[in-house]
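Join these two chains into a complex; the hints should help.
Taken in sequence, the protein lines are chains E and V.
288 is the number that the working numbering gives to position 288 of the first sequence; each next residue is one higher, with no gaps.
114 is the number that the working numbering gives to position 114 of the second sequence; each next residue is one higher, with no gaps.
Some hints here could point you the wrong way.
[As the list claims (entries may be wrong)] Below, simulated DMTMM-like cross-link-like pairs (lysine to aspartate or glutamate); rule was C-alpha separation at most 20 angstroms, straight line: (1) K253(V) <-> D82(E); (2) K131(E) <-> D181(E); (3) K131(E) <-> D218(V); (4) K131(E) <-> D93(E); (5) K131(E) <-> D20(V); (6) K39(V) <-> D218(V).
None of these hints come from the bench; they were simulated from the model.
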Amino acid sequence: MLEVRGLSKAYGPRQALDAVDLEVAEGEITALLGRNGAGKTTLVSIVAGLRSADSGRVVIGGIDAFAEPRRARARLGLAPQDTGVYPTLSCRDNLRLFMGMAGLGRRQARGAIDELADTLGLGELLDRRAKELSGGERRRLHTAIALVGRPALVLLDEPTVGADVQTRARLLRVVRNLAHDGAAVVYSTHYFPEVVELDASVAILEHGRLLARGSITEVIAEHSVGAVDLVFEGPAPDLARLAPTGTVTTSGSRVRIDTNDPSAVTASILAGLDSHAANLRGLTVSQPSLETAFLQLTQDLTETRIEEQINVA
Amino acid sequence: MSPRRTSAIVAHELRLLTRDPLPIMILVVFPLILMGFLKPMVALALAAHGHAGANGAEQVVPGEAVANGFYIVGMTSFAFFSEYGWNTWDRLRASQATSAEIMTGKALPFLAVSATQFLVIFAIGVPLFHLRSRGPLTTLVPLVAAFATCLVLLGVMITALSHTIQQASALAFGGLVLFGALGGALVPLEVLPRWARAIAPATPTYWVMRGFRSVILDGHSYPAIVLPCCVLVAMSLIFAAVSLTRFRFTDTKVTF
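Excised from the complex, chain V in its bound form (with noise of 0.2 angstroms):
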């Protein structure tokens, strides 16, 4: 792989994210407006479920992060869409750039905009929702980007198997909700159904929300994230293997 043609994608990438940058606001916006709906609620549930102290924003910082950071699973299917709508998907293809370089340059940025949509929303959430953790805040960094290269692949994968943008964006949508439902971000886990809380495992979002209310709802520290970490990036190998096995750069997809 070159590094200057993949930068070269990259720089390029982000220059379209910042030609549009209303979509990335929405990662930031949504998920405070909804924190300050939710925090009183949360705060209700998070006593009632042994966390005394609790003031509602362990849980809802985190959560509606997680939760609307789904947008970056559409976010990323998106971007190689456009690709095909705009007839540049082959002028990428006709250049020197290997395949390797087209999809790491296209995906890196997001995975930035991954990380950075929790760095801002942690920042803003600890003087505007009083955000306190028991454990270091520091140690949220690996499991924060497990967590982001998971969407961002879970993104490529989509894109792999979609045909049209409309079967990407059902798919982008349905993960948002179900992962972020059922993972318990939306609401702790422990108002969940039975049935939910059995099948949540299943979900990315069950173990980065596991991961975070270990560190600042029980104070641990990087021990409490390896397990979290280790499964967001099994789930990510198996969402690059069926990208790698599913997506024909040869194909044509259909867009608006």
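Next comes chain E alone, as it looks inside the complex (with noise of 0.2 angstroms):
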């Protein structure tokens, strides 16, 4: 439904997309993670047709999003960043100008505006005006406007900020729901929680590159190592040979392991370790998860980034 292929974007001297590539099929939802100024805005706002690109190409339904912006936008629903609704008006009168614009007659508007409350929990908001809603309430309005017309590919760039539990449990049900219904999404978000509930894909972008792209268990297989860490009474003592799977760091009285299946290593280690463990005072165990996933590829970047530009001083 989506296809990104080799899109660029710079402000000035600042490089906000670099040649990203990315596929996002019906039915899909996937996740776009990153840092503050990564890029995800950026990338949402180009496919959107908000913003221009300096190179590349991006394709929604088959239909070239630069070539046709018009009817690209017809495949897309948008629910930006910040809150976006006319808080004069009613839920309904908000609702009414996106249906219009989606070209439905008033009386189709008014099945829509029906289903779309219904979907969200406006029903009962839908004459009251958007000033007089709960953050949360206006956060499932403003989503519901990017749901108009039953978009195929629907953009939501983090829909979560600011919700309270019972808006956010309701958001991403009514994401699986989009997806299970055939839409493609494509979710910015900085909650890795999230990302896990909705069984979502994942792109990973940094300083505009596309980090890493897969489903929640590759991502997490090819770029997260777990952790054991160990903290002693006096000098550590050497748990090389108890630790045959992972790296072995020692620093005073600290050990680190670094390791794909820090369980076993525990286990093998508790075991192994006789006499030291009188004095073992702390211990530490970190599963590879999307969070040290991420921490691990953005920090790698960050460190190869700031190596460069020492060299280049």
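Structural data, given as structure tokens:
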């Protein structure tokens, strides 16, 4: 449904996107992960036709979005990062505008508004002005606008920012249902548990570059290493023989073992500590996770960039 | 352009206007108050300049409608800036609507409001201020339409040229005072200093007031409003051209 090829965009000297390739299939939720300024919003904005690209290509449902922007926009729904609703108008009137823009007649719009309101729990709020809504309710209205006209591609830029637990749960349910009904969803977020909950595929951006792409399992397997950290009273013993599958780093009273299977290494170490067990003061087991994969990837790149800058200097 | 999408934006803009009706009320209430104050003084000024039978309404009714009609410039501009302030501008742009549909849909309601303002003020001006026109008032319809178009496009141009709502506000307010005073809307042109009379034709106010006076005071008909209408249309085209070349849909504008 969405095909992005070699997309690049610079703001002055800053490269916001650097030859990004991304594909999102029908029924797929792709979580766009990255730090602030990594390029997520720029990518979403270019796909939505709000910004121009320096180079590259965006195809939405087989339509070249740069050559036929209006036809491409007819297939997408966008919920930008900042909540965008008309505060002096009712929820119904907010939705009515975008129903009209999507080409729905008055009668069709009425039915579609009720359906959307039901989906997002706005039924009883339809005749209330947007400025009278709570933050979470306004966020739901904001998301509902993106879903007007049942778009085949839905772009949600940090949709749960500032949302309460109930709103977040409802939004995640809506996103899952969208994908279940065949929509392709691009879901930009900073919240890793949401990505896991959505069982989304992952695209990690850093400094405008796409660093990783795949399912959660693939990204973790490829980019995340678990760790076992031990703290002893006095100098740490030599634990290399107890963790043959890991990399052991000893520093004073501390030992860190980087491994893909921290549970097995922990069991092996605890069983083999013998007399050193009495001196053990702390033990932390870090399982490989999306978060560690993300940190590993983004930290590596940042360190590389710093080294590059030092070399250039 | 899709009529359905354009009319959806027009209807939406009208809903926004009716949810906050105070600015529209001001368009009518302010001129009516000022007419009451200024009518006796203007009657004297008109009499001193050869219009012995005039009661002052011939100048104050159209003059105050024109001067206060400039609020439409600010209202049009604010309608665009509000979209930026509410973060809805990008939503409009990401919709299926084209740039032309968005601009037309947002501007058309203000054209209607401006024309309605004249209609209401003249409708009240006849019984309340004893406005008597020597020429047929229906002659003024094309003149009002041309002036309203000019005001709305001036508002769009100010939006295009302004980066902040403060800039737009200053330009709109400046236009209201400057054009209102210079063009002979606040007071008859004859009482203005010579230098002001010399530059008055550069303002749309001068031309619309010239048309009004030629019909209302002098009793002329359609031929007398052809030139004012043409000049107003020409000014509108200039405002439209500047708007088209300077309005960047991708620009970010700063609101409150």
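Going through the hints against the structure:
1. K253(V) <-> D82(E): holds, 15 angstroms
2. K131(E) <-> D181(E): violated, 32 angstroms
3. K131(E) <-> D218(V): violated, 52 angstroms
4. K131(E) <-> D93(E): Given that 20 angstroms is the threshold and the Cα spacing comes to 13 angstroms, the pair holds.
5. K131(E) <-> D20(V): holds, 13 angstroms
6. K39(V) <-> D218(V): holds, 18 angstroms
The structure is inconsistent with the numbered hints 2 and 3, although it conforms to all the rest.
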